[in-house]
Amino acid sequence: MDRVAKLASERAVVVFTTSNCSMCHSVTSLLANLGVNAAVYELDREPRGREMERELARMLGGRVPAVPAVFIGGDLVGGTNRIMALHLSGELVPMLKSAGALWLLQHLFSPAYKRQPCTLPAATSHTSPKQSQEASRTLQAPPMDRVSKLASERAVVVFTTSNCSMCHSVTSLLANLGVNAAVHELDREPQGREMERELARMLGGRVPAVPAVFIGGDLVGGTNRVMALHLSGELVPMLKNAGALWL
Numbered sequence: 001m002d003r004v005a006k007l008a009s010e011r012a013v014v015v016f017t018t019s020n021c022s023m024c025h026s027v028t029s030l031l032a033n034l035g036v037n038a039a040v041y042e043l044d045r046e047p048r049g050r051e052m053e054r055e056l057a058r059m060l061g062g063r064v065p066a067v068p069a070v071f072i073g074g075d076l077v078g079g080t081n082r083i084m085a086l087h088l089s090g091e092l093v094p095m096l097k098s099a100g101a102l103w104l105l106q107h108l109f110s111p112a113y114k115r116q117p118c119t120l121p122a123a124t125s126h127t128s129p130k131q132s133q134e135a136s137r138t139l140q141a142p143p144m145d146r147v148s149k150l151a152s153e154r155a156v157v158v159f160t161t162s163n164c165s166m167c168h169s170v171t172s173l174l175a176n177l178g179v180n181a182a183v184h185e186l187d188r189e190p191q192g193r194e195m196e197r198e199l200a201r202m203l204g205g206r207v208p209a210v211p212a213v214f215i216g217g218d219l220v221g222g223t224n225r226v227m228a229l230h231l232s233g234e235l236v237p238m239l240k241n242a243g244a245l246w247l
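Under the UniProt record's numbering, the first residue of the sequence shown carries the number 1, and numbering increases by one thereafter.
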């Protein structure tokens, strides 16, 4: 208990995690994206990690797993759902500001990536000429057609960029629910810039346009929409209806 309390009071924001916890990464990614320099402690790398995790579970009313556990201003706020709920309601940033945690004012909707040159992958030896021609036609299709085609090829499709922390938060949440989503990184797509503009148009002009999540071929939205559905209990039924929960 003393170890947890001591560490929790040493910085404005402290997060207790484990190294293989996807939802822990989602929370730390969100905080980093808001400009928070949180202290992160991985309990599986702590000599007394097991005891600290039990203490955190007790503080959280017996919640298992006890990670992520987020402290702001020395006070235990909660785990993933609590942090995401505060973020979606607009209460998280004021709380962080009050604790003096926003040392770096980084706008949540800063440009998601700088486009890097990319080339089409060469066809491998096991690809038939017919398959190669079909793939070539798909890649050469107008951006709207390419987005629509990819969005309909699996029950859940997520358009992301490789360096987007909020994209990782969404894909981590889906993976944690057992969803085998198709993930397309636009900065690795030959038509990525055009596809991103098309997604922004579909999202009513939202910039950045990633992450963009399609379920059952329909555009659901980005981080806030997916997290709101998760917190309200609507996401899992939606995924089930789309046949996405294969695990």
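Just so you know, not all the hints are guaranteed correct.
[Said to hold, decoys possible] With beta-carbon atoms standing in for the labels, derived distance ranges:
(1) P190 - K6: 47 to 57 Å
(2) E10 - V207: 32 to 42 Å
(3) E153 - E10: 42 to 52 Å
(4) N163 - L245: 39 to 49 Å
(5) A5 - S98: 30 to 40 Å
The set of hints was computed from the structure by calculation and includes no laboratory data.
Positions of the beta carbon are idealized from the N, C-alpha and C atoms, including for glycine.
Next item on the list: Return holds or violated for the Cβ distance of A5 and S98 against the range 30 to 40 Å.
Entry: The hint (30 to 40 Å, Cβ to Cβ) is violated, given that A5 and S98 are roughly 20 Å apart.
Next item on the list: Take a look at whether the Cβ-Cβ distance between E153 and E10 falls inside 42 to 52 Å.
Entry: Taking Cβ atoms as reference, E153 and E10 lie about 48 Å apart, which means the hint holds.
Next item on the list: Confirm or reject the claim that P190 and K6 have a C-beta distance inside 47 to 57 Å.
Entry: holds, 52 Å
Notebook entry, point to check: Range hint 39 to 49 Å: satisfied by the CB atoms of N163 and L245?
Noted result: violated, 29 Å
Check: Given a hinted range of 32 to 42 Å, is it respected by the beta-carbon distance of E10 and V207?
Finding: With a Cβ separation near 37 Å, E10 and V207 satisfy 32 to 42 Å, so the hint holds.
Hint compliance for this structure: hints 4, 5 are not met, and every other hint is.
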